[in-house]
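*Asks:* Next come the chains, spelled out residue by residue.
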Amino acid sequence: MERDVGQQAEDWVRQIAHQYKILIDPPCSFERLVRLLDENLQVQLNLARPFLENAYPAAGPWLDGAIRGKVVSKQADPRLLLDVTARLLDLALCTDLLVRVRDNNGRHCLMAIDVTCNPAQVQPKLNLIQGKREDGDRTRFNRMQKLPAVRRELGIDKHLVLALDFGRLPDPVQLVEELYAAANRPARTQLIDLNTPVQVEEVAQQSDQTQPIRPSEVKKLSRLVRTWLGSEGEPTASGGLRYTSQDRRWEIEAEPGLLLITLDRMAVLVDNGYLALAAIPVEHVPLFEALARHVQSERRTRTERDWER
Amino acid sequence: MRASSPDSGSICRVILAVEVREMPTLVFRKDYENRKAGRTVPPDWLRAQVDAMGIGLQPPDLVRVREVVARHLPAEARVLPKHFPNPDASSDWLQHLLGIAAIVRLNGETLAWGATTDPEEAQVLVEGFAQGPYSAIRRELGIDYQWIWLFHPDLLASRSDIAQCCIAEQSEHPHDRHECVLVRC
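Residue numbers (this note's numbering), protein chains in the order written: chain C, 1 to 309; chain R, 1001 to 1185.
For the record, the hints were derived by calculation from the structure and aren't laboratory data.
Only a predicted model underlies this, so the values are computations on that prediction, with no experimental measurement involved.
Accuracy of the hints is not assured; some may be wrong.
[Claimed, not checked] Non-contacting residues of chain C with respect to chain R, defined by C-beta distances greater than 12 Å in every case (computed):
#, residue
1, ASP4
2, LEU23
3, LEU36
4, ALA58
5, LYS74
6, ARG100
7, VAL101
8, PRO148
9, ARG152
10, LEU164
11, GLN174
12, VAL176
13, ASN184
[Stated by the list, open to error] According to the in silico footprint, chain R covers these stretches of chain C (three or more CB under 8 Å from chain R):
#, segment
14, 59-73
15, 82-95
Each residue gets a CB set at the ideal place from its N, CA and C atoms; glycine is no exception.
All chains, full assembly: derive it from the sequences and hints.
*Replies:* Dropping the structure here:
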């Protein structure tokens, strides 16, 4: 099949990771993984079974054996067992590949990566790896709650969703740099968005009329916001963003100016270095833009008045 | 489910027939055009993925499909097959009349999978195929659930994405699962 973009993207990332010698095999034995899943994510394990058995006919008896506490690695082909383990990690724990990098303190950081090319899947995948329910969906039972716990138990430090545009793949160096940067950020789950966010560029063009802001800045800022929104750890002052819980605002040490960044389902208003986060539906963005323009003109008249003085 | 049993009211069935008569030309029109232009069509693509994953079932044979459809949707079974590219293939009947690109067996459930890349079309299909006659046809063909996959227009999902979506959907509580659902991937 010539159209297999998602698959090719995964293979590409794996190849890059292999080239840079950061790709590693599953960090745990097959038996340990199966037992952990059987204890914590039994439904997922059972549902993953047909996919495993179809890809690897031998996997069925291995699974049964491991659940019953038998050691299967003695009789199994080690290479094949690694493949089955990796596939099970993929199916049950959303892990396409694992990399190990050293952070700035010289510590090893083991990171699981889930690759996607589909921008619409980014948020669902983030929710999944954070063990959250889909946004606002309180009616359905959340069976992925224990995913972060299992991940910790396996010794995986961080879990990343890597969003790519397969038509415009990034420079491998940039990809690897982003992976190292992720290792140094405190958040356990992060989004690395190497897509070109189309919406943001559009907004940037619109705000060009009022105040010139470089698209690269917008991109950087929005990636920052996305990453920080996706983080589950306590945000700290690094990276230029600070969260003040008192008035529920993000302070940002960026160039002052007024700017509206539209993300998937929310808009972010940046006013004079303050990031006012507002989860508003995208339909309401025109309203916000009007508001932004109003504040902009207000400020301009004020500045003019200052000048006159 | 809105319409209950297929025999509950003939008026209901007539209205359905009128609505559904448009389907191959209206709902699947894009597929026709794309296939003619040599582009990859979502149902074909999904079928290829299913084959690659090795979870597909053989579709029921034409005689059986034709008989069941004719019993529950007599008007459609008379009119629509004339428009099919290949009226003698049961896969065409399944795809164009019932929106089934592939039949899959997973964890003791038989699932009928349809595919599209258009959100509005997906909504139309889900609502349409949730109706009584379609549900009855699926029951007779031994299908437990129908899923309409909504893919990105560039078909960006990988096989592991599809598998993860399957696991997420099947892990829902049985009370929360509808017979005909939309699966975004």
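*Asks:* Beyond 12 Å from every chain R Cβ: check whether that's true for VAL101 (chain C).
*Replies:* holds, 23 Å
*Asks:* Run the C-beta distances from ASP4 (chain C) to all of chain R and say if the shortest one exceeds 12 Å.
*Replies:* Violated, since 7 Å does not exceed 12 Å.
*Asks:* Does the no-contact call for LYS74 (chain C) survive, Cβ to all of chain R over 12 Å?
*Replies:* The assertion about LYS74 (chain C) holds, with a minimum of 28 Å to chain R.
*Asks:* Is LEU36 (chain C) truly not at the interface, in the sense that its beta carbon sits beyond 12 Å from all beta carbons of chain R?
*Replies:* holds, 16 Å
*Asks:* Take a quick look at LEU23 (chain C) and tell me if its Cβ sits farther than 12 Å from every Cβ on chain R, holds or violated.
*Replies:* Nearest chain R Cβ is 16 Å from LEU23 (chain C), so the label holds.
*Asks:* Hey, does ALA58 (chain C) actually stay past 12 Å from chain R on C-beta?
*Replies:* Answer for ALA58 (chain C): holds, closest chain R Cβ roughly 14 Å.
*Asks:* Would you assess whether ARG100 (chain C), listed as outside the interface, keeps its beta-carbon beyond 12 Å of every beta-carbon in chain R?
*Replies:* holds, 21 Å
*Asks:* Was GLN174 (chain C) rightly flagged as not at the interface, with every chain R Cβ beyond 12 Å?
*Replies:* holds, 20 Å
*Asks:* Grab the minimum beta-carbon distance between VAL176 (chain C) and chain R and tell me whether it stays above 12 Å.
*Replies:* Non-interface label stands for VAL176 (chain C): nearest chain R Cβ at 21 Å, farther than 12 Å.
*Asks:* Mind verifying the non-interface call on ASN184 (chain C)? Its CB should be farther than 12 Å from each CB in chain R.
*Replies:* holds, 28 Å
*Asks:* Report holds or violated for chain R covering the segment 59-73 of chain C, Cβ cut-off 8 Å, minimum 3 residues.
*Replies:* Since 0 is below three, the answer is violated.
*Asks:* Taking 8 Å as the Cβ threshold, is the statement that the segment 82-95 of chain C is covered by chain R upheld or broken by the three-residue rule?
*Replies:* holds (count 4)
Checked against the numbered hints above, the structure violates hints 1, 10 and 14; every other hint is satisfied.
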